[in-house]
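Let chain U serve as the given structure and place chains Y and H on it in line with the hints.
Heads up: the protein sequence lines correspond to chains U, Y and H, in order.
The opening position of the first sequence corresponds to residue 1 in my numbering, with each subsequent residue numbered one higher.
The opening position of the second sequence corresponds to residue 1 in my numbering, with each subsequent residue numbered one higher.
The opening position of the third sequence corresponds to residue 1 in my numbering, with each subsequent residue numbered one higher.
These are calculated hints, taken from the structure and not from any lab test.
If you're wondering where the values come from, they're calculated on a predicted model, not measured in any experiment.
Beta carbons are placed, not taken as given, at the ideal position from N, Cα and C, and that holds for glycine.
There may be inaccurate statements among the hints.
Computed footprint of chain U on chain H, listed as stretches where at least three residues anywhere in the stretch have a Cβ under 8 Å from a Cβ of chain U [claimed, not checked]: (1) 82 to 88; (2) 108 to 122.
Not everything, but these chain H residues come out facing chain U in the computed CB check (under 8 Å) [unchecked claim]: (3) Thr64; (4) Gln66; (5) Leu67; (6) Ile91; (7) Leu93; (8) Tyr101; (9) Gln160.
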Amino acid sequence: MTPASAPAAISRSPGRRRTYRLSLSAFWTLYQLTLRGHQHGKRWIIMTALMLLPAGLGLLVRHTAPNVPSVAIEFIFVFLLIPQALLPLAALIYASGIIQDELEEQTFTYLLIRPISKSAIYAAKLLATLTTTVVLTVLFTALTYAAIYAGAGGNPVLSRCLKACSIHALAVVAYCSLFGLMSLLTRRVLIAGIIYIVIVEGLFANLAFGIRLITVIYYLRIIAYRTLPFIVPTPSGPTDFAANAWQLDISNDPKLLEHPQLPHCLIVLLGGSLACSILAMVLCSRREFHVKTVEKG
Amino acid sequence: MPIFDQGYQHWSGRLSGHAWRWLAVTRHGVRAGLKNRFLRYLILAAWVPAIALVLVLCFWGLIERRSSLVSTLIQFLSFLQPGIITSPRDFRIDIWRLSYSYFLRSELWFSMIVIFLLGPGLISQDLRFNALPLYFSRPLRRIDYFLGKLGVIVAFLAMIMIVPSIVAYILGLAFSLDITIIRDTFGILLASIEYGLIVSLSAGLLMLALSALSRNSRYVALLWAAVWIVGGVVSLVLQSVDSEQRRYAYYSKITPPPVMARSDSPSRQERAAQMRAWRRARERANTEYRLGELEFSKRDWRPLVSYMADLSRIGQQLLATNETWEKLSRFEPDPQSRDRMLANYMGPEFPWYWSAAALIGLFGLSACILNRSVKSLDRLK
Amino acid sequence: MHSQPLSQVPGQTQVTPIVAFHEVSKWYGNVIGLNKLTIRILPGVTALLGPNGAGKSTFLQLATGQLFPSQGTVSVLGQSVWNNPSLNRFIGLCPEQDAFYEWMTGRDFLNTCARLGGMNRAEARDATSRTLQAVGMTRHQHRPIRGYSKGMRQRTKVAQALVHDPDVLFLDEPMAGTDPVARRDLMDIIQRLAGEGKSVVVSSHVLHEVQSLTPNIILLNHGRLLAEGHFRQIRDLIDTHPHHIVLICDHCRNLATRLVAWEDVEGIKVLPGDKGLMVETRSPDAFYARLPQLSLENGLLINEVYSDDDNLEAVFRYLVNK
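The following block holds chain U by itself, in its conformation from the complex:
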């Protein structure tokens, strides 16, 4: 084709024949796309198996150890097992794949070449991840309560259930934001996440020192302790399970004045989640994503 017959140069006239909505519709579409993606694949099978565990165990314990008070079973499964092991794992399963799943499947290109910024891509996918994990968490926490208190419900149990669901939802939001940020900082987010869960949330959180202030679970425990009673009747008298298990020195500090107050805990968790999310969005906007070839660590 000679230059003489070349088409006219493309002009950037302001009046285009197409009309576009604000990128809000693109954001919403990506949010829906991610939600739909969560429903496919085998990930939800792993999640369901994990999350049904406390409910199943609760039923099992009720049948094999009928003398154990329901509040004790609730404490062990709802406030020990779920937040210590299951919630961080669930968050890791979903949040580690916010960007990495699309990179590995090589479908991320289709998002990069749309008129939606990379930070908005991350935000939409994070929001969808939070939606999925919060819904699953609330569902299975409620199921666990149903298994533990089946036949012995009532308003007090419903109130406890609602508070526990809210606390767990807050936890999973914090974990998802954190692991989402981790997934942009390292390709080995799984190993980093498990090390974090075992060492930081598992070890540091159980030390009665200031280091537990950097853990998510510490604030959850304080919120739980300040909003729910954990007195369990035992043969040697009423025992505060939570204070013993969480090393809260209520004998010297019965009102936990040395520990953060409820609003402070909420601010730290929500603020921390927001900070991680914003930082991740900034990182995402500045990063290159090599979709065609597998990225090296």
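Leaving out everything else, chains Y and H in the frame of chain U:
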């Protein structure tokens, strides 16, 4: 003819049989695995317990020979009964057994982490990148493929469990210079090799089955973490709930600490004596409680839920560690310290064949999963 | 040999390039993807050629804003493309990798791409239907993509690049794995787009088909620009390889004795079976001009004349393999 064809030349040799086909797959997998920096560091770190084992065995060999090299260190062994130090040869087998037991227990943890790093991609990556036709379009059977992949895991676990056991044994022999040591301790070496193979085969096949379930190696790794860690946590929770129930029932029978009324006004020495007596009674109650728990553990099924506990139980049986502790406890001066020793060091005593059955069941399930998930070429989509 | 960029052909006014690379280098660790590339692509259809590892995909990823240049500047439609998502409304990319949301139907996928492009529901629906028809996928639109053949997948990939009606289209190996019918259809689509005033940059290995699409080529090798422009002009400039012209005739040895006297003929080879001659010449136009007279004067009937290497494949071979 002076000019030779440089193009493709047909190979006119004989193909080897199927017996060693799997080795090609294993060799490739090991080479690929060794490229992982973290795995290399982990294998190096896994040799630290091996070094500790070697040191203990060599040290004991020197003690048996009453070497002057260790005479100054014997004073630090005052925690052992005097009878053990005066006739160390009589306790050779026990010390070796316990040393190997602790070594293998720590290596079990390293093995789980090695499999976590190495195993997820073994079959899942082949599924993701559609590499199965590349394998099965060659004269490679499915069994060769599975054995090859299993061989990768066995090779790495052998590096951290079996090879160090053998090396430590040889060095222990060298430092003992007593030919009877082979007769006494060869069974321990065989038991440790057997245990290493059981762990490798069981965990290896389980990981291969998990890896065949998903094309995404990240989910496979999470599944493995779930089996390994969550299984352990669940088992612990079940045991804790049960034992707490018994503990509270037991301790409710113990009288609370003495409270002195003002009118009694005992002297300070009397109060202190009463508190000491109460603490002794409490300690006795603790020991009796733990012994009771050991007795209960003979019929407790809850540890079976934990995969690591099942493997540990098999190791404990092969190395006869509980019997060793029982034997050593007989040298304690009084029944109370004997009971305390047993309570502190004995492992669970549920029947080992329960764990063996659980492991065999898992083995069978893994084989079924592999059979269904990995098809030969004519069945591939 | 030197190349004359199209934008600098004498007598022609400056045309705004759709893609402009200025001193662009891109490296991945120690591996250099592109090496000081300066190029201006004008509106129309342009073929991006090069052997494997030449830097074609790096070029396309830089041009579509997926990568940031290590050095230099990249602009598309006069704007910097990095972190400029609004520019993506006017750009379409058909990537090389065969990756989809396999659980979606073809229609679903295109509709999602249209909505991601900022269209509202009704616009997206219409654009999807139009694009499906354009690529010939209307019949299969409700099947999940995992059940598509390779050709269908390629068509769907091209469709997602077209659904938002971009001004500039980048196609990375659009013919890969397709059957001849699908290939023909895709070429028709590209030609139609060019006729509508779109600009298309095609990266492909299927040289004879690219040649039928456009004579404008950009040839890369080892991350460097090897040649750009009209492939015939480039061919003429390749001094080291004289043109090969094949003459099918009956009395080829007689004809050869006549031709060998011409100064611009550098070599003559008799084809097997005395079917004809293969003539090497540096002045093909002059050769063609004199050939009819030679045939008439001497009564030597020539049945067929064609150039053996006046094509893109020859240009590619000579430049890349030297």
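Is the interface hint for H:Leu93 satisfied, with its Cβ closer than 8 Å to some Cβ of chain U?
Holds, about 5 Å.
Outcome, coverage of the segment 108 to 122 of chain H by chain U - at least 3 residues whose beta-carbon is closer than 8 Å to one in that chain
Satisfied; 8 residues make the cut.
Given that the segment 82 to 88 of chain H was listed as covered by chain U, double-check it with a C-beta distance under 8 Å for 3 or more residues.
This one holds; 5 residues, not fewer than the three required, reach chain U with a Cβ under 8 Å.
Interface hint outcome for H:Tyr101 [beta carbon to chain U under 8 Å]:
Holds, because the Cβ-Cβ distance from H:Tyr101 to chain U comes to roughly 6 Å (cut-off 8 Å).
Hint check: is the beta carbon of H:Gln66 less than 8 Å from a beta carbon of chain U?
holds, 5 Å
Do the numbers back the hint for H:Gln160, that is, is its least Cβ distance to chain U under 8 Å?
At about 7 Å, which falls below the 8 Å cut-off, the nearest Cβ of chain U leaves the hint on H:Gln160 intact, so it holds.
Would the hint on H:Ile91 be counted as holding, given a Cβ-Cβ threshold of 8 Å to chain U?
Cβ of H:Ile91 sits 7 Å from chain U, so the hint holds.
Minimum beta-carbon distance criterion (8 Å), H:Leu67 to chain U
holds, 5 Å
Hint check: is the beta carbon of H:Thr64 less than 8 Å from a beta carbon of chain U?
holds, 6 Å
The structure fails none of the hints (numbered hints given earlier).
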